[in-house]
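Residue strings, one per chain:
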Amino acid sequence: MGFVWFWIVAVMIAAYVVLDGFDLGVGILSPFLGRTEDARRTLYRSIGPVWDGNEVWLLAGGGTLYFAFPLLYASSFSGFYLPLMIVLWLLIMRGVSIELRMHIDHDVWRSFFDGLFFVASALLAIFFGAALANVIRGVPLGADNYFFLPLWTNWRVGANPGILDWYTVIGGVVALVALATHGALWLVLKAPGELENRARRAASTLWVALLLITLISLPATIAVRPSALDNYEAHRILYAIPALVVATLIGILSFTKQRKPLAAFLSSCLYLVFMLVGAAAGLYPTLLPSSTDPARDITIAGALAGPHSLHVGLIWWSIGLVLALGYFFTSYWLFRGKVTAEAGYGH
Amino acid sequence: MNALLLDRIHFAFTVTFHYLFPQLTMGLALLMVVMKLIALRTNDDRWNQAARFWAKIFAINFLLGVVTGIPMEFQFGTNWSEFARRTGGVIGQPLAMEGVFAFFLESTFLGLFLFGEKRMSKVAHFGAATMVFVGSWISGFFIIVTDAWMQHPLAYHLLPNGSYEVSSFWKFMLNPWAWLQYAHNMCGAVVTASFVVAATGAFYLLEKSHQEFGRLFLKIGVIAGLISCVVQIFPTGDFHGRYVAKYQPAAIAGMEGLFRTQKGAPVVLIGQPDENAQKIDNPLVVNDVLSFLLYGTTSAEVKGLDAFPRDQWPSALPLLYYSYHIMVGLGTWFLLLMLVAAFLLWRGKLYSARWILWPILLSFPLPYIANTAGWMTAEIGRQPWLVYGLIRTSEGYSTHVSAGNTLFTLLGFLGMYSVLSILWIVLVYRFISTGPAAAAVEPEPATLTTVQEKR
Chain X
1 MGFVWFWIVA VMIAAYVVLD GFDLGVGILS PFLGRTEDAR RTLYRSIGPV
51 WDGNEVWLLA GGGTLYFAFP LLYASSFSGF YLPLMIVLWL LIMRGVSIEL
101 RMHIDHDVWR SFFDGLFFVA SALLAIFFGA ALANVIRGVP LGADNYFFLP
151 LWTNWRVGAN PGILDWYTVI GGVVALVALA THGALWLVLK APGELENRAR
201 RAASTLWVAL LLITLISLPA TIAVRPSALD NYEAHRILYA IPALVVATLI
251 GILSFTKQRK PLAAFLSSCL YLVFMLVGAA AGLYPTLLPS STDPARDITI
301 AGALAGPHSL HVGLIWWSIG LVLALGYFFT SYWLFRGKVT AEAGYGH
Chain Z
1 MNALLLDRIH FAFTVTFHYL FPQLTMGLAL LMVVMKLIAL RTNDDRWNQA
51 ARFWAKIFAI NFLLGVVTGI PMEFQFGTNW SEFARRTGGV IGQPLAMEGV
101 FAFFLESTFL GLFLFGEKRM SKVAHFGAAT MVFVGSWISG FFIIVTDAWM
151 QHPLAYHLLP NGSYEVSSFW KFMLNPWAWL QYAHNMCGAV VTASFVVAAT
201 GAFYLLEKSH QEFGRLFLKI GVIAGLISCV VQIFPTGDFH GRYVAKYQPA
251 AIAGMEGLFR TQKGAPVVLI GQPDENAQKI DNPLVVNDVL SFLLYGTTSA
301 EVKGLDAFPR DQWPSALPLL YYSYHIMVGL GTWFLLLMLV AAFLLWRGKL
351 YSARWILWPI LLSFPLPYIA NTAGWMTAEI GRQPWLVYGL IRTSEGYSTH
401 VSAGNTLFTL LGFLGMYSVL SILWIVLVYR FISTGPAAAA VEPEPATLTT
451 VQEKR
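From first to last, the protein sequence lines are chains X and Z.
All letters in the first sequence, in the order written, are residues 1 to 347 by our numbering.
All letters in the second sequence, in the order written, are residues 1 to 455 by our numbering.
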């Protein structure tokens with residue numbers, strides 16, 4: 001049961017990263033690609049009808065995590081108190097900026113929300129990347145399973161790190177670059193004409209940065225958490241995951257060059273999925289490692305909710321997922337095809 | 001201030017602000033379905049136009065409800081971690097189900113409802129409105145189930161690690177407390193929406209603009225308002241109150257300001273509770289009525305606060321007393337106002353009776369206050385328990401998060417929500433002053449809830 005719920009939560013988080021990832025990416029790129037009002041409108045239209053549905057995966061995934069692993073939810077959410085609160089503020093600012101921008105036809109009003117959209121999207125990407133890196137690095141869990149981390153201490157990994165240190169900053173940069181690339185590939189798919197070309201050039205440039213930062217992050221992870229390789233050594237088939245990461249990176253570039261935008265975007269989705277799966281495979285069955293004493297790791301067995309809850313949960317979760325997929329395909333089907341500065345659903 | 005108090009204020013403030021939006025959208029969703037249904041049955045396009053106008057107001061409130069709702073789920077973990085650890089196996093369930101069953105549905109059908117009118121058949125568009133309504137009411141249900149378990153825990157058992165799990169899913173979902181509270185709460189949401197719609201109608205008639213729509217809004221607002229105000233008091237309020245009396249007698253004693261256990265207990269209409277002297281100052285009371293309301297006979301004994309140890313008294317007693325009295329007082333005012341307005345509507349005199357249009361206009365903020373006071377009554381009445389009888393509030397908060405950090409984020413939310421309030425007022429004012437006629441143009445969607453004008 002623990003295995004099943006571990007992967008259910010992992011899949012929901014991956015769905016969130018892949019889906020909200022591209023609209024965060026569009027936000028990160030907005031000041032660079034949205035040079036004219038028409039271009040900016042196209043950027044917003046490309047994510048407008050779906051961003052909220054994408055964000056629901058965060059709420060649903062968070063709720064599922066809370067339900068299946070209450071101890072993990074309690075410990076990590078209170079321990080990462082400050083960054084999570086900042087994430088909440090950024091989510092508020094971002095949602096408001098997307099939806100309120102069009103309400104008043106005034107340059108100053110729109111510019112304010114454009115700026116907010118960019119800042120909130122970029123910082124969210126960095127925070128999400130840093131959050132994942134924190135989980136990989138481990139936190140100073142106490143005997144009571146709780147901890148509290150300040151935003152930064154001395155920027156070193158060690159027994160008493162901060163939320164931000166050199167390693168988690170790398171994690172933040174990976175997320176920033178990866179989601180920007182992801183957003184650019186989404187725009188190649190959705191935007192018309194000149195904006196599509198600009199997005200394609202941006203994707204090609206970002207790809208170089210993504211390759212570099214990915215290659216830096218892998219040895220950095222092993223340096224910070226050598227035990228991340230234990231599962232890989234025990235099951236050597238797992239080494240296929242980093243190989244697939246590299247393969248998807250190659251796919252992103254070559255499909256972009258071949259003008260196959262859908263294949264390039266899907267490669268980017270898979271890149272994000274394999275990065276997350278690679279991290280999850282390194283952690284399993286630990287959910288939140290201790291940076292001081294491996295005996296204090298929060299594991300699946302230690303954090304799992306009661307068996308009856310989980311059994312019932314599997315039933316409604318399966319039904320809910322089928323419904324959610326139905327809504328998902330409805331939304332994206334209605335919203336298929338290129339967007340322009342003027343047209344909307346189904347054009 | 002200590003961390004526990006700050007965590008309580010943190011949650012109370014963010015949830016109170018959040019609920020300003022769902023109480024309107026849940027009620028408005030129902031009224032929009034009714035408007036679409038009338039349009040479908042009568043082929044009167046003005047009702048479609050009215051629904052389009054309220055959909056715009058719905059959209060902005062929906063957005064603010066969404067963005068202020070995310071912090072609520074997070075706060076269980078951030079500020080109430082020990083509570084989350086012990087109860088996640090129970091209340092994590094409805095919270096996860098809300099995401100999976102309600103939010104996906106809402107986010108899909110809201111876009112269809114707001115922008116699909118031109119491309120869908122009339123029946124399909126009515127269906128989209130219905131799905132938005134269903135989604136928002138499912139969402140409300142799961143939140144109430146969560147709260148009901150904290151108020152009246154059942155169908156659980158304790159695991160060896162000190163956490164709780166559900167022993168029967170259906171008993172948990174069919175918690176009688178949840179269904180009574182749900183009926184009372186959703187009815188309260190309809191009161192808010194009815195008053196907002198009626199007040200907008202009154203405003204248009206008083207300023208002599210958009211008068212045709214003003215009359216439509218008044219008509220539907222007053223009729224829905226009368227029905228919901230009656231149902232709010234009986235049966236939902238009455239039944240819910242009796243249930244509280246049965247399972248949380250200390251809360252009832254605190255709400256009513258009843259310090260002494262007595263037969264033929266009085267109802268206190270007005271008065272100020274003095275917790276130390278254990279009496280009501282300047283009381284205006286009606287004898288025997290409380291016994292009758294709770295137990296159906298004027299001689300029944302009602303337990304006063306003296307029947308409970310001091311450490312089980314509701315911990316913010318005067319606030320509980322005032323919240324309850326404000327809720328009941330306003331509920332009585334709503335009923336009187338709507339009775340008079342409905343009588344005038346029936347006699348065909350409502351639209352020109354300025355003496356009643358003014359109070360209808362000025363009463364629009366009051367249901368927000370009454371709904372907030374109702375929730376305060378429920379949640380303060382539950383104190384000193386976080387989960388009634390199982391976990392004390394003082395055991396549930398995040399001890400590892402310092403008071404300084406909590407104050408920092410509380411101030412952050414105060415600032416951010418101040419800005420959201422200003423944006424909300426500006427945008428809703430613009431919609432209302434532009435009026436429903438402008439909503440006749442079928443817009444092109446730009447984002448989930450907004451359109452852009454053709455240039």
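Errors might be hidden in some of the hints.
[To be verified] Covered by chain Z, according to a simulated footprint, are these stretches of chain X (three or more residues, beta-carbon under 8 Å): (1) 113-125; (2) 322-329.
[Unchecked claim] Cβ-Cβ distance ranges computed for the label pairs, FRET-style: (3) Z/ALA438 to X/GLY142: 53 to 61 Å; (4) X/ASN154 to Z/LEU5: 29 to 37 Å; (5) Z/GLY415 to X/ASN154: 48 to 56 Å.
Everything labelled a hint here was simulated from the structure, so no lab data went into it.
For glycine and all other residues, C-beta sits at the position ideal for the given N, C-alpha and C.
Taking the hints in turn, this is what the structure says about them:
no.	hint	result
1	113-125	violated (count 0)
2	322-329	holds (count 4)
3	Z/ALA438 to X/GLY142: 53 to 61 Å	60 Å, holds
4	X/ASN154 to Z/LEU5: 29 to 37 Å	33 Å, holds
5	Z/GLY415 to X/ASN154: 48 to 56 Å	30 Å, violated
When each numbered hint is compared with the structure, violations occur for hints 1 and 5.
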